[in-house]
Amino acid sequence: MLIDLAIAFGRVAFVMLFVLNVAALLGWVERKQSAIMQDRIGANRASIFGITALGLFHPLADTLKMLTKEDFRPARADRLLFELAPAVSVFFALVAFASIPFGDTLQVAGRVVPLQAVTLNVGVLYVFAMLSLGVYGVMMAGWSSANNFALLGGQRAAALMISAEIAIGASIMGVVMIHGSLNLMDIVRGQGHLLWGWIPAWGIITQPLAFILFVTAGIAATKRIPFDTPEGESEIIGYFVEYSGMKFGMFLMTDMVETIVLAGLSTSLFLGGWQIPYLFAEGFRFPWGSGISLSPLLVTLLQVGAFVGKVGAVIFVLMLIRWTLPRFRYDQAMRLGWLGLFPLAIANIVLTGLVLAAWGTR
Amino acid sequence: MSPMNLRQRFYLVEVLTGLGLTAAHFFRNMARHTGRAFGRKGESGAVTIQYPEERRPYSPRLRSLHRLVRREDGSPRCVACMMCETVCPAHCIYIVADEHPNPEIEKVPRRFDIDLGKCVFCGYCVEACPEDAIRMDTGILEFSSYSRGGMIYTKEMLLSLEPAEPTGRPRSPIPIPANRRA
Chain A
1 MLIDLAIAFG RVAFVMLFVL NVAALLGWVE RKQSAIMQDR IGANRASIFG ITALGLFHPL
61 ADTLKMLTKE DFRPARADRL LFELAPAVSV FFALVAFASI PFGDTLQVAG RVVPLQAVTL
121 NVGVLYVFAM LSLGVYGVMM AGWSSANNFA LLGGQRAAAL MISAEIAIGA SIMGVVMIHG
181 SLNLMDIVRG QGHLLWGWIP AWGIITQPLA FILFVTAGIA ATKRIPFDTP EGESEIIGYF
241 VEYSGMKFGM FLMTDMVETI VLAGLSTSLF LGGWQIPYLF AEGFRFPWGS GISLSPLLVT
301 LLQVGAFVGK VGAVIFVLML IRWTLPRFRY DQAMRLGWLG LFPLAIANIV LTGLVLAAWG
361 TR
Chain B
363 MSPMNLRQRF YLVEVLTGLG LTAAHFFRNM ARHTGRAFGR KGESGAVTIQ YPEERRPYSP
423 RLRSLHRLVR REDGSPRCVA CMMCETVCPA HCIYIVADEH PNPEIEKVPR RFDIDLGKCV
483 FCGYCVEACP EDAIRMDTGI LEFSSYSRGG MIYTKEMLLS LEPAEPTGRP RSPIPIPANR
543 RA
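Here the protein sequences come in this chain order: A and B. Residues in the first sequence are numbered consecutively from 1, following the working numbering. Residues in the second sequence are numbered consecutively from 363, following the working numbering.
You may find that some hints are simply not true.
[Stated by the list, open to error] Just a few of them, taken from the derived set where beta-carbon distance is under 10 Å, the chain B residues facing chain A: (1) Leu-383; (2) Met-392; (3) Val-441.
Hints listed in this document are in silico derivations from the structure and should not be mistaken for laboratory results. These figures come from a predicted structure and were not determined experimentally. Note that beta-carbon positions come from the ideal geometry of N, C-alpha and C, so glycine has one too.
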């Protein structure tokens with residue numbers, strides 16, 4: 001009983017610490033990566049006893065700044081919703097990662113433990129449900145601020161997120177059809193198969209169109225540049241105009257956490273999750289016959305490492321997109337969502353269905 | 363603006379081209395940063411000049427903070443002829459003349475104040491001076507103050523300054539008026 005509790009605690013703790021730490025680090029990654037892309041150096045002045053550590057203390061300084069700033073609430077704001085909105089936003093972003101698997105199974109004290117915080121048969125739906133609920137936080141923030149600009153920003157956010165999430169939902173249907181399961185663990189395991197004995201059946205190979213649609217719609221759903229019309233940091237102010245201090249910081253954190261969830265989800269659905277090509281439970285087995293046998297613990301560690309590495313790579317690409325592309329106008333984003341991504345995703349479903357019917361399942 | 367062709371309207375190819383460009387910058391700069399971190403000589407991965415520590419070389423023609431040129435004995439070369447005060451379009455120079463102990467020299471300034479809050483750095487005072495007694499070659503550009511009084515530089519402060527190095531780096535410390543409050 002105690003061991004079961006400890007195991008459950010460990011699974012949740014790993015996911016929570018991973019998400020929170022990477023989210024804190026993302027502020028630094030964003031600054032430094034954008035700086036290096038633009039031939040700059042980036043923030044490097046925050047120091048503790050003269051040690052600057054490549055600017056790694058800047059997230060710390062930022063957090064301290066946010067925590068010590070005045071926590072201002074407009075006089076006519078709806079008190080309850082105004083206080084609740086950032087918490088709702090960040091909560092749903094944080095819990096969304098729960099059903100994303102970060103490894104296969106691990107033998108602990110005679111028990112087979114699946115390496116994900118919560119094992120859910122409807123894992124994919126759960127993640128999308130949580131990400132969709134995030135829109136409530138945004139709308140509450142926009143409405144409760146008693147500010148017309150915030151309200152307009154909140155409405156832009158809601159419209160954008162709804163149009164993006166429909167495209168996301170339709171784009172992953174192909175993956176779900178191929179694997180015949182909504183359980184993310186099953187989907188990742190299914191991607192361990194080899195096509196014709198040597199190509200790993202990762203989602204990006206079996207569903208390339210869906211991958212592009214998913215990432216595009218995913219960026220729109222997380223409201224990051226090039227789809228940042230809800231925020232419009234530099235000119236059209238967004239739903240969090242009236243927020244200050246750590247409440248504003250929580251909206252920023254939501255942004256970062258949603259990026260991680262998007263990266264984790266694309267990894268699980270399209271990049272083989274924790275799979276390493278030709279690595280099986282007993283070690284590497286290459287298509288030309290040779291192999292290396294590894295201990296189960298080492299295999300698990302490799303798999304977790306592969307998952308973390310893939311998430312990092314996806315985050316790199318997302319940041320690259322965020323610092324390269326100019327913003328879509330509001331109507332362009334809507335047009336892309338409804339007239340571009342959504343019909344293409346439907347076409348992808350039809351195509352996948354036809355191929356599956358002709359080929360037989362899997 | 364010309365209408366976009368099909369490839370541009372399709373967007374994906376153009377996006378990938380753009381991402382390729384920024385990614386190429388990232389990896390090139392990252393390789394340079396890593397190389398320099400391990401002590402390899404090579405081009406810098408960034409064009410940043412870390413300002414207070416590093417400076418751009420200034421032009422030798424730069425008009426910076428004024429200085430009063432000294433004679434051999436350390437007294438000002440200025441003869442208080444009021445030419446600079448007269449020519450100054452901003453009326454920022456204030457001179458009070460005094461008799462010079464040496465009968466060869468006509469006068470000497472008792473006070474020579476420049477209000478840098480008014481000065482427009484036109485350099486007319488340097489051109490007008492018949493004695494080459496005022497120059498704007500100190501290379502000092504950082505003189506800010508929270509009060510107007512803190513912008514008034516007196517004769518003693520202007521006399522203490524040295525010309526800048528050929529690179530434009532100032533040789534003397536920035537003088538701080540006594541009544542300047544932080």
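Evaluated hints:
{"no.": "1", "hint": "Leu-383", "verdict": "holds (8 Å)"}
{"no.": "2", "hint": "Met-392", "verdict": "holds (6 Å)"}
{"no.": "3", "hint": "Val-441", "verdict": "violated (49 Å)"}
Comparing the model with each numbered hint stated earlier shows that hint 3 is the single one that does not hold.
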